[in-house]
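Visitor: So you can see what is in the structure, the chains are spelled out below.
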Amino acid sequence: MRLVETGNHVAAWGARLARVEVVSAYPITPQTQVIEEISRFIDEGEMDCEYIPVESEHSAMAAMIASAAMGVRSFSATSAHGLAYMHELLHWAAGIRLPMVMVNVNRALGPGWNIWCDHQDTLAARDTGWIQIHCASHQEILDSIIQAYRISEDPKVNLPVMVCYDAIFLSHNYMQVEVPDQETVDRFLPPFRSLWSLDLEHPLTHGSVIYPDDYEEVRYSMFQGLENAREVIKTAAEEYREKVGGYHGDLVDAYRMEDADHALVAMGSVASEARVAVDMLRERGYAFGLVRVRSYRPFPAEELAAFLAPLRTAMVIDRSISFGMEGPLFSEVKAALYGRGGVSVYDIVTGLGGRDITYELIAENAVAAAEGGLEPRTTWPSVRINEHHLLSKRGVEGLRGKGGAS
Amino acid sequence: MRLKDFPEEELFLQGSAACQGCPGSAAIRVAFKALGRNTILSVIASCTSVFQSPFPVSALDLPTLNMAFATGGATASGLSAAADRLVAKGVLKEKPTILVWAGDGGTYDIGIQALSGAAERNTDFIYVCYNNEAYSNTGTQRSGATPYAAWTTNTTRGKGEWRKDVAQIMVAHGIPYVATASLAYPTDMFRKFARAKEIKGTRYIEIQAPCPPGWKFPSSHTIKVARLAVQSGMWMLYEHENGKTTYTAGTQRIIQGQSKLVPVEEYLRAQGRFGHLFHPERDEKRIGEIQERINHVFETLQFTHKMKEHIMDIELAPPR
Amino acid sequence: MPKRKRKAAEEIGFVTTLSVPSEGSVGLTGSWRIFVPVLDAERCNKCLLCWIYCPEACIGKDIRIDYDYCKGCGICAEECPRGAITMVKEEKKQ
Ligand SMILES: Cc1ncc(C[n+]2csc(CCOP(=O)(O)OP(=O)(O)O)c2C)c(N)n1
Ligand code: SF4
Ligand code: SF4
Ligand code: SF4
Ligand SMILES: [Mg+2]
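Protein chains in written order, with this note's numbering: chain S, 1 to 406; chain H, 1 to 320; chain L, 1 to 94.
Next comes chain S alone, as it looks inside the complex (with noise of 0.2 angstroms):
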């Protein structure tokens, strides 16, 4: 079936394909579609499942552990602010080590309300211990969160996916997908399986006092999860494209890269942005590819080092900021590359709370890059003081003048 949708009701049909059987979530722009349109599917009878309208994220996600607990195939959705607000909770999702999905539509953090596109949300989630999928389209999403479940559930891996995509350019814009029928979904999906689950005839207690001398193999088990997770994602990635159709790449997704001296690292829709700017760049003479992120964790080190240590440039693009270090993308990209290579690699950071980076502003720097022309840190290319700002600082101003603030 062909749709024309929202990436946010997209969403929802991932959730309804993946057969999902509890939902708690709570609302919050950009995310609001993908819960109202659940409710739909479940008010119309579409979709066999119980929606927890629940009063905080907070509690959203302790629901969604609490139903994964009892063996149960969950799901949330969140952005920005909730996926703060849960923070104490994705730490405790991924520690129980059961499979669970949840979608965060990236989104920028206040103060100053800002509901478009930034990374910092899921950046400041990377280290819970969930995985991370990054989408660059509306096929993307609705694709991952089946895989999400697959990969979730694997007995390997038994951690949690945060399925994450762009805020406005894809949770509001209308895109076409192809929608795979049901039967043609559960010959990819099995039904619901996790190595462990709330049981009344084999009682067991989970999550209690635990000391020095047995937590660390906890942590390392995750952390052996989620380096299981690669394969995991490779395979799901592979059967996906066999069984449903429509691939997105793996760990990675990379464009003209076969024969590039120069690559753009991005994450995110502005790989379309990437696309068009590689194009431009090429017909300049630059022979630029493009590697999109699409697994930030477990990252794909490997698969970049590959990609990235024969060229002699590579600019990331970045989407938050690491405050007193640089763009995290960069600083991970360069952690991937240590000791390989002489490849010099550069950073923008750019299109924060939503600004729009054009392919043009991409083109532009990468050039710069190419010929040696930018600094090797982190550059902040499309910072520019306007009216409005100026407006502000006038005000404050007259408040220290006053004495108000010193």
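Keep in mind that a hint or two might mislead.
Computed cross-link-like contacts, DMTMM-like style, restricted to lysine to aspartate or glutamate with a CA-CA straight-line distance of at most 25 angstroms [said to hold, decoys possible]: (1) H:Lys-4 to L:Glu-11; (2) H:Lys-164 to S:Glu-55; (3) L:Lys-92 to L:Glu-23; (4) L:Lys-46 to H:Glu-241; (5) S:Lys-156 to L:Glu-10.
Derived by calculation from the structure, the hints in this document are not laboratory data.
We have chain S already, so just place chains H and L with the ligands on it with the hints.
Guide: Frame of chain S, contents of chains H and L with the ligands only:
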């Protein structure tokens, strides 16, 4: 139900990490006996997280999910929704009782939002607050349930505020069942759990839990202090169902005039946490304030009771 | 690309914080006792109050005290309406 009819099976296994005279384990024993094996338990961060004993063994013989501090209500919603699915699919023949076990900190303070949410959704579960009137797990800091004038490690001269009353807040949620219980009245407590088990929807039971190290009394006095709390009117026993509050056990006897209120001083003196009200000198003001509040509540209740004996249909809201 | 010389750690598979219900989950808690409850069976009327009040489930319905686990809190002695239980100083075994 008489004691001899209580089930013999222990679902709280001996040799746990609980302190000597722990009210939490004492309460759990009675609750588990009343609810039985077909129960899924979630323990919220509290002393119970610790006294169930550390990994890889457990004193809890029920499938148990330990959860973060603020999650009680929400966890129940997830467990219950999933259990409904399992029943619908025929994986479970019968829906198990969903039981959340939390302290007063996890109930009155950090967890009240999740609890209120679950109650508003009328999630099908029993929420138990074992109320030891402080954060015992972290070393006895004040909570919203700590009574006026009680010492804690961060109210060293006695708490300056009066406690709130979450049981009444739960009554205001209009849930199907709310009850309070006391360790000193095990048959009353057992009956309330058994009643709660029969009902669908959100049920709230709060058990006063005198804690020897936190309240500073000898471990042998847990039950004695619990009894004094009821006899002095500091803790009231009732259940609320179908819009009607029924006082029970010791509280009922005081209201109906079969026994007299014990002066609160006797209760206060039994615990070191109120020691500063008596040493180095007697704090008439604060002792008086506490007694006065109790008197006011019971005078109203006794009056209402007498009125009711004469005029059958008068229904007054329970005083707070 | 340099080959990994040593494995980071052994393969340990799935390890999570699941605990098994067990008696004596912190060992024989009888060793905590300073005073020990002693029953005078003659006086006992089997009212079962000590059975239900014991926080550690150390008294059976037959009013037998399990000294392996009894922590010596003294509640049973305090609450026995017949004065059938007395707390006496524990003679520590070697
Ligand atoms: C979010 C969070 N904040 C603080 C804590 C620390 N903490 C654990 S238990 C506890 C107090 C529990 O008090 P209560 O609920 O009354 O249970 P009790 O220990 O008295 O049995 C606190 C503050 C925590 N676990 N999580
Ligand atoms: S501090 Fe109090 S509630 Fe906590 S384990 Fe000890 S006796 Fe029980
Ligand atoms: S409380 Fe006393 S009388 Fe009652 S059963 Fe126990 S020992 Fe016997
Ligand atoms: S002393 Fe305490 S632990 Fe020992 S049997 Fe009596 S009540 Fe139980
Ligand atoms: Mg407490």
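Visitor: So which of those numbered hints doesn't the model satisfy?
Guide: Hints 1 and 4 not satisfied by this model.
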